[in-house]
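Read off the chains here:
Number of protein chains: 2
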Amino acid sequence: MLRTHTCGELNISHLGQTVTLCGWVQKSRDLGGTTFIDVRDRYGLTQLVLNTDSDAALRDTGRKLGREFVVKVTGNVLERTNKNPKIPTGDIEIAVEALEILNEAKIPPFLIEDETDGGEELRAKYRYLDLRRNPIRNNLMLRHKMAQEVRKYLDGLDFIEVETPVLIKSTPEGARDFVVPSRMNQGEFYALPQSPQTFKQLLMVSGFDRYFQIVKCFRDEDLRADRQPEFTQIDCEMSFIEQEDILNIFEGMARHLFKTVKGVELDEFPRMQYADAMRLYGSDKPDVRFGMQFVELNDTVKGKGFGVFDNAELVVGINAKGAASYTRKQLDELTEWLKRPQIGATGLIYMRHNDDGSLKSSVDKFYNEEELQKWSAAFDTKPGDLVLVLAGLTDKVRKQLNELRLEMGSRLGLRSKDVFAPLWVLDFPLLEFDEESGRYHAMHHPFTSPKPEDITMLDTNPGAVRANAYDMVINGIEVGGGSIRIYDRELQSLMFKHLGFTPEEAQKQFGFLMDAFEFGAPPHGGIAFGFDRLCSIFAGLDSIRDVMAFPKNNSGRDVMIDAPATISEAQLQELSIKTIV
Amino acid sequence: MLRTHTCGELNISHLGQTVTLCGWVQKSRDLGGTTFIDVRDRYGLTQLVLNTDSDAALRDTGRKLGREFVVKVTGNVLERTNKNPKIPTGDIEIAVEALEILNEAKIPPFLIEDETDGGEELRAKYRYLDLRRNPIRNNLMLRHKMAQEVRKYLDGLDFIEVETPVLIKSTPEGARDFVVPSRMNQGEFYALPQSPQTFKQLLMVSGFDRYFQIVKCFRDEDLRADRQPEFTQIDCEMSFIEQEDILNIFEGMARHLFKTVKGVELDEFPRMQYADAMRLYGSDKPDVRFGMQFVELNDTVKGKGFGVFDNAELVVGINAKGAASYTRKQLDELTEWLKRPQIGATGLIYMRHNDDGSLKSSVDKFYNEEELQKWSAAFDTKPGDLVLVLAGLTDKVRKQLNELRLEMGSRLGLRSKDVFAPLWVLDFPLLEFDEESGRYHAMHHPFTSPKPEDITMLDTNPGAVRANAYDMVINGIEVGGGSIRIYDRELQSLMFKHLGFTPEEAQKQFGFLMDAFEFGAPPHGGIAFGFDRLCSIFAGLDSIRDVMAFPKNNSGRDVMIDAPATISEAQLQELSIKTIV
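Protein chains in written order, with my numbering: chain P, 1 to 581; chain A, 582 to 1162.
Hints were generated in silico from the structure; no laboratory data involved. Please read all numbers here as calculations on a predicted model, not as lab measurements. Note that beta-carbon positions come from the ideal geometry of N, C-alpha and C, so glycine has one too. Just to be clear, a hint being listed does not mean it is correct.
[To be verified] Using C-beta positions, here's what the derived DEER-type ranges look like:
{"hint": "1", "chain 1": "P", "residue 1": "Ala275", "chain 2": "A", "residue 2": "Leu583", "range": "22 to 30 angstroms"}
{"hint": "2", "chain 1": "A", "residue 1": "Gly755", "chain 2": "P", "residue 2": "Leu111", "range": "30 to 38 angstroms"}
{"hint": "3", "chain 1": "P", "residue 1": "Arg411", "chain 2": "A", "residue 2": "Gly755", "range": "30 to 38 angstroms"}
{"hint": "4", "chain 1": "A", "residue 1": "Gly755", "chain 2": "P", "residue 2": "Asp158", "range": "19 to 27 angstroms"}
{"hint": "5", "chain 1": "A", "residue 1": "Leu583", "chain 2": "P", "residue 2": "Gly322", "range": "46 to 54 angstroms"}
{"hint": "6", "chain 1": "A", "residue 1": "Arg852", "chain 2": "P", "residue 2": "Asp158", "range": "54 to 62 angstroms"}
{"hint": "7", "chain 1": "P", "residue 1": "Thr460", "chain 2": "A", "residue 2": "Ser594", "range": "39 to 47 angstroms"}
{"hint": "8", "chain 1": "A", "residue 1": "Leu1080", "chain 2": "P", "residue 2": "Asn51", "range": "18 to 26 angstroms"}
{"hint": "9", "chain 1": "P", "residue 1": "Ile580", "chain 2": "A", "residue 2": "Arg992", "range": "57 to 65 angstroms"}
{"hint": "10", "chain 1": "A", "residue 1": "Asp739", "chain 2": "P", "residue 2": "Ile477", "range": "25 to 33 angstroms"}
{"hint": "11", "chain 1": "A", "residue 1": "Glu701", "chain 2": "P", "residue 2": "Arg489", "range": "48 to 56 angstroms"}
{"hint": "12", "chain 1": "P", "residue 1": "Leu122", "chain 2": "A", "residue 2": "Glu1071", "range": "19 to 27 angstroms"}
{"hint": "13", "chain 1": "P", "residue 1": "Asp459", "chain 2": "A", "residue 2": "Asp611", "range": "38 to 46 angstroms"}
[As the list claims (entries may be wrong)] No more than 30 angstroms apart at the CA atoms, straight line, and that leaves these computed lysine-lysine pairs for DSS-like:
{"hint": "14", "chain 1": "A", "residue 1": "Lys726", "chain 2": "P", "residue 2": "Lys262"}
{"hint": "15", "chain 1": "P", "residue 1": "Lys72", "chain 2": "P", "residue 2": "Lys152"}
{"hint": "16", "chain 1": "P", "residue 1": "Lys451", "chain 2": "A", "residue 2": "Lys797"}
{"hint": "17", "chain 1": "P", "residue 1": "Lys262", "chain 2": "P", "residue 2": "Lys304"}
{"hint": "18", "chain 1": "A", "residue 1": "Lys797", "chain 2": "P", "residue 2": "Lys145"}
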């Protein structure tokens, strides 16, 4: 090793020792005869002292140093006169005897500090410099620790990590595939997996019983903050279990992670029916760090001559506790915010519960004090509360009010990143109707089993069929989802039929799985976690980008290596493809 | 859980307990009023007893059972009268009270037993059934354990696992890339990584210091037993180290794996210069489970009128100890084996050291007893030994003799799969001349540093420049290789120049890395292990296929899912590509 210690480990117990450190120059202060240099590595920061008066060689080398130079120093560990209690090495400094420049550095294009002056594009191009900053390095160290703890937990429960293939077959169901032209099988393509779903089910047929994999998956979709073309799943599957077993084991995993990685002890996760989540939060991934549940008002407000409410399929509102002080201007601004096309509300009705106990609504013309008392009772308002009400078609108005609820939660400081509120959402619908294609799609995926008691509705009322499907939600973010699978060829064929596959198409695409079900398939089910998202929640980030070492931008480009890029004519020819641009 | 216990855990301590097991019917024997059934899961095998006389329902269900049916049984744990000491559950059996068929099974196309009757193609098509067989399942469990232990060891030494991207950029250096057309960047392609080489070096520039990753890599090469289009590496890199540190830490890792996974304590690994490996074994990955080192005979045999030797650049042989009993027929057969085009020798000279002490060669005409005594001395022969000698151009004859040595080692039983003989091969050449392209190629890769004392030879004698490069070899198989890297822009540019890149080409392909070297790159180096090969050595297999869950065949096809396959016209259009077949 070029060093004897790291820049993070020396303390008062090392006094008098001669040590050698390697690292990057964080900053340098020349105080006449003495130069102080902070040298940094992954483990911390150590202060060096160069007595430049007494040692000319040291002085000359010291003068050449710039930010981010890589140095190797040998010297004695001394007690500092000015101690720095903020860092673990703050009690000591190194009296440098030998200083070697291992590599020089040009001035970095942005500051390598916790708060940097670099813009997003610039930091992406020099990602290797951005990764030197503590916050980003800490995210990746957190991610490493989380992966280790996931493996420790699952290995301890006899789960086996099995690597499934990356070069597989394109399937029409689900999102868009990335494909890979095959040179050896001309005109044919592999696809990169969107998940190892069918392979993990086959492993259950093989008797593997408890499988997991922390695995890269791929989706060629348009990108946003929490989506990347390649992402990582904690993919899990079990045999001879019921839904309850999956919930317990993976709630245990989440609890283990919170405890070992963040030192947070979580209570038992609440459970909520999908239907209740939609009714009370307008979302299948409610943020339950705060209440502010939806209150439906149809029975309370209809028939008083207010057309907006009378004509609405649903009138529903929330009580933003303590927000009665919102001014008219703030409420107008909130109304405009709701009317933006991203949300699309037509208007906002409100009622203040004033500090003096009086009730004041924006629709006083239609609702007198007595009527408003009913509102107050429905929302259980107290003086200082603000009731916000939307009206319209049920699905739309729930979505809009969900947005409003989250916004008010943020404005009222109810969504701290240091609070973790997990829950299970259960009993998702099996199918959802897709307006564009005019047919039902699998809400989870085509291998999800319907609740046995609902199967008869597949023909009569497909949208009402519930699935044995569940999501784990933390702080309003879906971190994991899964289901109990179909393991019977007949039922799987029936599902494909309802998803619009001809028997031939089903056989061509998924024949291998349906064939496998005929050779002794055990009852099984599983779950997959979005590992990037889970890491970003643990790191207190909104985006998954900074829990990835080398993320891509919104155009799917890695601007550091400049990929994707054109390839040579010879490569195209070998692959028997042509580009048409 | 559908079960209370697994099929592998019940023993005499569970007597009298009522248990529920799930598993697959391995076999069933109907003995009149009693039926014995072996039920199997991943953990083992348990014997069930059905009293079919007393329970008609049980009898009826029991009669339906076929091989590989999935069942759930509840019953009492009894002591067996006929114990089976070969299995952990051999002392007990279950007196079945309830038997439920969870799923039926068609008759499998081959026997699900340790020794199967299924051919390779059939087993590949029904891989999910082949994976039920103990030997293959054990391989995958071994692989899981090895991966866990690798992570435990490296995590314990402060290595951080960082995921690097799978969608990167195609580079002309090295093997052929798999490419992925980009929909969002039309006419452009990602490439799948052959290794995360440049990314791990950038992580060193970022200060990560100790990186590893167990990671899928991809090469679009023609396939054979130990090559798959996708394979897994244990990829590692360290900063502020010298070659010695890498050798120690990763020798430690190999030793840790052998100890924890196989219970084998290995001695310190021998080290050998590349030049010595070539001279003594004719291979850069010598199998040192046995000696039989090359002995060069130029000084001993030339000038005696035997043209084959006189005209040869190198005369070299081995002593196959104890093989003097080889008959003339066997020796002729060995000669034919050597003359096959795969090896290409022109002939084989031999000398027997007979049991009576006499020496007898196939070239007695040119070498009398006195001369043969010199041969005997050179090879240190004893009665019973057989000396085998080849002659020709140095590089060719060494390759041929390497093949002969390995063959003789196998024939003489010197290559047991239960013996593990590791070594380090050091100081590889930096460059090797490629006849086809008429230029030098990087022997390891373009980022490998030359030995400082050899740099001046880059212009005068490029082939003689040694690199700071090393391989770990076990039983004649290269399991890992690495190098100390270049971390200086100038030297890296010089390397690219010698590899035939123009400065523009170098900047276009690897500019990001050379730029990074200018912002404070630390001295660094690393190693990558072929995880599949390492697993296959631990499993005692010749092929890497059976340490992978879903390998591809020699045409790069997954015959189970039938991939690759054609994709739709719509997909091609979205990607702006056309196939030309």
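Verification of the hints:
no. : hint                                       : result
1   : P:Ala275 <-> A:Leu583: 22 to 30 angstroms  : holds, 28 angstroms
2   : A:Gly755 <-> P:Leu111: 30 to 38 angstroms  : holds, 37 angstroms
3   : P:Arg411 <-> A:Gly755: 30 to 38 angstroms  : violated, 55 angstroms
4   : A:Gly755 <-> P:Asp158: 19 to 27 angstroms  : violated, 40 angstroms
5   : A:Leu583 <-> P:Gly322: 46 to 54 angstroms  : holds, 50 angstroms
6   : A:Arg852 <-> P:Asp158: 54 to 62 angstroms  : violated, 40 angstroms
7   : P:Thr460 <-> A:Ser594: 39 to 47 angstroms  : violated, 54 angstroms
8   : A:Leu1080 <-> P:Asn51: 18 to 26 angstroms  : violated, 46 angstroms
9   : P:Ile580 <-> A:Arg992: 57 to 65 angstroms  : holds, 58 angstroms
10  : A:Asp739 <-> P:Ile477: 25 to 33 angstroms  : holds, 31 angstroms
11  : A:Glu701 <-> P:Arg489: 48 to 56 angstroms  : violated, 26 angstroms
12  : P:Leu122 <-> A:Glu1071: 19 to 27 angstroms : holds, 26 angstroms
13  : P:Asp459 <-> A:Asp611: 38 to 46 angstroms  : holds, 43 angstroms
14  : A:Lys726 <-> P:Lys262                      : holds, 27 angstroms
15  : P:Lys72 <-> P:Lys152                       : violated, 37 angstroms
16  : P:Lys451 <-> A:Lys797                      : violated, 38 angstroms
17  : P:Lys262 <-> P:Lys304                      : violated, 53 angstroms
18  : A:Lys797 <-> P:Lys145                      : holds, 20 angstroms
Checked against the numbered hints given earlier, the structure breaks hints 3, 4, 6, 7, 8, 11, 15, 16, 17 and satisfies all the rest.
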